[in-house]
Amino acid sequence: MHEFAITQSMCDIVLEQAKKARVKKVGKINLVIGEMTGVVGDCVQFYFDFISRGTLAEGAALSFVMVPPKARCRDCDKLFDLKEFDWTCPYCGGNSLQIVAGKELFVESIEVE
Amino acid sequence: MEIKVLKDILSANEQIAERNRQLLDSKSVFAVNLMSSPGAGKTSLILETIKMLKGKTRIGVIEGDVSSSLDAETIGKEGVPVIQINTGGGCHLDANMLSSALSNVPLQDIELLLIENVGNLICPAGFALGEHKKVLISSIPEGDDKPFKYPLMFHKADAVLINKIDLLPYLKFDTQSFSQAIRGINEKVEIFQISCATGQGIQEWLSWLLTQMSRR
Numbered sequence: 001m002h003e004f005a006i007t008q009s010m011c012d013i014v015l016e017q018a019k020k021a022r023v024k025k026v027g028k029i030n031l032v033i034g035e036m037t038g039v040v041g042d043c044v045q046f047y048f049d050f051i052s053r054g055t056l057a058e059g060a061a062l063s064f065v066m067v068p069p070k071a072r073c074r075d076c077d078k079l080f081d082l083k084e085f086d087w088t089c090p091y092c093g094g095n096s097l098q099i100v101a102g103k104e105l106f107v108e109s110i111e112v113e
Numbered sequence: 114m115e116i117k118v119l120k121d122i123l124s125a126n127e128q129i130a131e132r133n134r135q136l137l138d139s140k141s142v143f144a145v146n147l148m149s150s151p152g153a154g155k156t157s158l159i160l161e162t163i164k165m166l167k168g169k170t171r172i173g174v175i176e177g178d179v180s181s182s183l184d185a186e187t188i189g190k191e192g193v194p195v196i197q198i199n200t201g202g203g204c205h206l207d208a209n210m211l212s213s214a215l216s217n218v219p220l221q222d223i224e225l226l227l228i229e230n231v232g233n234l235i236c237p238a239g240f241a242l243g244e245h246k247k248v249l250i251s252s253i254p255e256g257d258d259k260p261f262k263y264p265l266m267f268h269k270a271d272a273v274l275i276n277k278i279d280l281l282p283y284l285k286f287d288t289q290s291f292s293q294a295i296r297g298i299n300e301k302v303e304i305f306q307i308s309c310a311t312g313q314g315i316q317e318w319l320s321w322l323l324t325q326m327s328r329r
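From first to last, the protein sequence lines are chains G and Y. Just so you know, we're using my numbering here: the first sequence kicks off at 1 and counts up by one. Just so you know, we're using my numbering here: the second sequence kicks off at 114 and counts up by one.
These are computed hints drawn from the structure, not numbers from a lab. Honestly, I wouldn't trust all of these hints.
Capping the alpha-carbon separation at 27 Å, the derived lysine-lysine pairs in DSS-like fashion look like this [to be verified]:
id : chain 1 : residue 1 : chain 2 : residue 2
1  : G       : Lys28     : G       : Lys103
2  : G       : Lys25     : G       : Lys70
3  : Y       : Lys117    : G       : Lys83
4  : Y       : Lys246    : G       : Lys25
5  : Y       : Lys247    : G       : Lys70
6  : Y       : Lys285    : G       : Lys103
7  : G       : Lys70     : Y       : Lys269
8  : Y       : Lys117    : G       : Lys19
9  : G       : Lys70     : Y       : Lys246
10 : Y       : Lys301    : G       : Lys78
For the chain G half of the interface with chain Y, some residues (derived, Cβ under 7 Å), not all of them [what the hints assert, rightly or not]:
id : residue
11 : His2
12 : Thr55
13 : Gly59
14 : Ser63
15 : Asn95
16 : Val112
Note that beta-carbon positions come from the ideal geometry of N, C-alpha and C, so glycine has one too.
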C-alpha cells in the first residue's frame, strides 16, 4: 500500500527532470528497487497508470531492477547474499552483518523524446 | 535520449522530515517514532510511559491511525496534549502528515513527543518523520521470526522492546535467537524485555529514553 506514496514521489521526480530538460515525452523510466523495501513492482505500475495520466510521463514504460539483499560479514569481511531465514555468514558462521545492498529505492534514469 | 537521474524516491519526504526535526530541535522537543504491528502494545506503552513520567517530563502524543480516535481519547484522559492523525486508509505516517500535526501540538509546553505510527511492520520503515529515535515494539504472541520477515524495520530501529514478556511461559518464543538475529543486522540496537501489564522492564526502557533525551 505504501506504493501509492512512493509512485507519487517517483512521478514528481520524473516530471521535474523532464520539465528541466524540456522534453516532449517520457518513454521509459528506469527504477532500482531493493527487495528489503518491500516495494512491489506490479503495484507501482498499477498506481503509475493513473497518477501519470495527462502528464508528460503518461504511457511511459516502467523498468524495474530488483536488488536482492547482500551483506558483508564483519568477522571475515566476505560478501554474500542474505538468505531469507538464515543470517549467518556462509564462510565463517559469523552473525554480525553489515547490509550493503537491498535497501535501494531510486530513479536511475529516464528515456525521453 | 537517456537522462541520468539517480535520485532517491523518498528524498522529498526526507527533506520535510529534516524540517520537522529542525522545528522540534528549536523547541527542545525530543521525538520518538513508535512502530509495531497492530496490537503489539504501542498505546499501552505510551500510557505506561505517561504514568511513570508524570510530574518529571512533559509529554505530548501524536496518534496515527487509519481511522477512529479511540486511542487519542484513551490517552487524552491522562491529561496530556494529544493530536490524532487519521490517514484515511494510508498504511503509514509520513513527514508531511507530521508537519501538519506539529502545528497543532503545543511544542513550547512539552519536552517529549511520542508519535504512535500506524500499526504495520512494512510501510512505516521507509518514511522518516523527523523523529530523533525509532522504537519498535515486538510482542511475544507475534512469534520470534519477525526480524526475518520484516528486516528493514528491525535494521532501522534504535531500540526494540519485546512486549508482553509475561506471556513467555505460555508461548514458544526464543528471546535469545530473536535478539541475536536483530543484533546481527543492527549494531546500534538496544533490546528491552518489557510487560506493560506487569511493569517488568519499564524502568529500563524509561532510563534509556531519558538518557537519549539528555544526550541530544
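Hints, one by one, checked against the model:
The hinted pair formed by Lys28(G) and Lys103(G) meets the criterion: a straight-line CA distance of about 23 Å does not exceed 27 Å. The hinted pair formed by Lys25(G) and Lys70(G) fails the criterion: a straight-line CA distance of about 36 Å is larger than 27 Å. The hinted pair formed by Lys117(Y) and Lys83(G) fails the criterion: a straight-line CA distance of about 32 Å is larger than 27 Å. Distance hint between Lys246(Y) and Lys25(G) is unfulfilled; the C-alpha atoms sit about 42 Å from each other, more than 27 Å.
With a CA separation close to 23 Å, the supplied pair Lys247(Y) and Lys70(G) stays within the 27 Å bound. Only pairs whose Cα atoms come within 27 Å are accepted, and Lys285(Y) paired with Lys103(G) is rejected, the gap being roughly 31 Å. For a cut-off of 27 Å, the pair hint linking Lys70(G) to Lys269(Y) stands: about 16 Å separates their Cα positions. The hinted pair formed by Lys117(Y) and Lys19(G) meets the criterion: a straight-line CA distance of about 14 Å does not exceed 27 Å.
The suggested pairing of Lys70(G) with Lys246(Y) holds, with an alpha-carbon distance near 26 Å, which does not exceed 27 Å. Between Lys301(Y) and Lys78(G), the direct Cα distance comes to roughly 21 Å. Compliance with the 27 Å bound is thereby established for this hinted pair. With 7 Å as the threshold, the beta carbon of His2(G) comes within range of chain Y, its nearest partner Cβ sitting at about 4 Å, so the hint holds. Taking 7 Å as the C-beta cut-off, the interface hint given for Thr55(G) is violated, the closest approach to chain Y being about 16 Å.
The criterion of a C-beta within 7 Å of any C-beta in chain Y is not met by Gly59(G), whose closest approach is roughly 17 Å, and the hint is violated. Interface restraint check: Ser63(G) against chain Y, minimum CB-CB distance 11 Å, threshold 7 Å, status violated. The interface hint given for Asn95(G) holds, since its Cβ lies 4 Å from the closest Cβ of chain Y, which is under the 7 Å cut-off. Interface hint status for Val112(G): upheld, as the beta-carbon distance to the closest one in chain Y is roughly 6 Å, under 7 Å.
Hint compliance for this structure: hints 2, 3, 4, 6, 12, 13 and 14 are not met, and every other hint is.
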